[in-house]
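Just so you know, the sequences run in chain order Z and L.
637 is the number of the first residue of the first sequence in our numbering; add one for each residue after it.
4 is the number of the first residue of the second sequence in our numbering; add one for each residue after it.
Please keep in mind that the hints were generated in silico from the structure rather than gathered at the bench.
BS3-like mimics (lysine-lysine), calculated; alpha carbons at most 30 Å apart, straight line:
#1 L/Lys121 / Z/Lys819
#2 L/Lys121 / Z/Lys822
#3 Z/Lys819 / L/Lys136
#4 Z/Lys638 / L/Lys14
#5 Z/Lys822 / Z/Lys715
#6 Z/Lys715 / Z/Lys819
Far from chain L, some chain Z residues (derived; all Cβ distances over 10 Å):
#7 Lys715
#8 His729
#9 Ala730
#10 Thr771
#11 Pro774
#12 Glu803
#13 Glu809
#14 Asn824
#15 Arg833
#16 Ser835
The model shown is predicted, which means the values in this text are computed figures rather than measured ones.
Cβ atoms here follow ideal geometry from the backbone N, Cα and C, with glycine treated the same way.
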Amino acid sequence: MKLLPETLLVAGVGIALGFAANALSPRGLELKRNYFPSGATPVPISPQVISPAHPATNAPAGEGSPVAESPVFARLRGKGLQPGTLAEIQQLHADPRFALGAIVFLDDRDHEYAEGHVPGAYQFFHYRAQEFLPTVLPVLQAAEKIVVYCGGGTCEDSEFAALMLTEIGVPREKLIIYVGGMKEWKANQLPLELGERNSGRLAPAAK
Amino acid sequence: MTAFMTHPIAKSEYVRLLLRWVIGGLFIYMGLNKALHPVEFLKLVRQYEMVQQPWLLNSLAGVLPWFEVFCGALLVAGVWRRGAACVAVLMLVPFTIIVARRALAIHAAQGTPFCDIKFDCGCGAGEVVICHKLLENSLLILGALWLTLQPDRLLTLKRSVATPSPVTAV
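Next up, chain Z with everything else stripped away, as it sits in the complex (with noise of 0.2 Å):
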């Protein structure tokens, strides 16, 4: 076969190919879906480093913690979401109303969550969100105050998946992002609960 038509026929089978093992992998996207809500920019190529010589004024200094005065937090402000500091959150899982769910958390990450999570954080992995929201739906819609975190850094998935969750109708002032995440949360070798939700099994973190 000439090299021509041969290529073609390469690129078409292999395309179609393509498409098909996507939509039959149980891991698959979807490819209609907005997994980036809202028109978020990526994070510059070079990450922002937040220098710890200027530390937030409610937050105690972690590595890499992020200040309340970051571009991170002017962005999420400017999205109507708003940040907490690593102060707030701890303020926010330690008060009695955590315990009964009217303060709840997501963790907006994968296999990591099982490695170790806040403790009582719910899991909502939001780029399988069909998976996560038959279980954690019902306790955002009896929440007061939600949570999301991510990994912390440069990572914005916790901004994404709050962005989803108004899609679906939960409301704006009802969520929280916790900027640090678990990079910061680590940082200040707060305590981890490994496996499961509510699963007993806790541990301080590495530093």
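Guided by the hints, dock chain L onto chain Z, whose structure is given.
Just chain L now, with coordinates in the frame of chain Z:
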């Protein structure tokens, strides 16, 4: 009597066979790494800011890894070998340019020496030193180009199964 016995196989054909298996194997490995973790690949593709429409971005991230695996399998099996090698070149060239452009942007923004730049380019092998990646891709492009332009007879399924060679027909 087989073709091997009547027409001695040139050494270059063995080299091309090896090359096919190396390039094909790499495509399968890298493709599967991405196909099994499509969300991670989706995030990396997004960072290149090549496409804005969600369906196009999702299609790229969802389909490309399987496409890569398919091309790799064709190269390993020796089926539609020249077409698969040509497609490999057509994928590798723009991808290498995009990775190089991103590395240049980091170099310009941070002033980091070019060969010290390290990031996850979405190639399927995690974080890589950019100079190594560019060298590796250049070699792969040259190899795939050679496979595209040169015919070979060794362990190509199409020739040995689908089309009897003129020599075996005699």
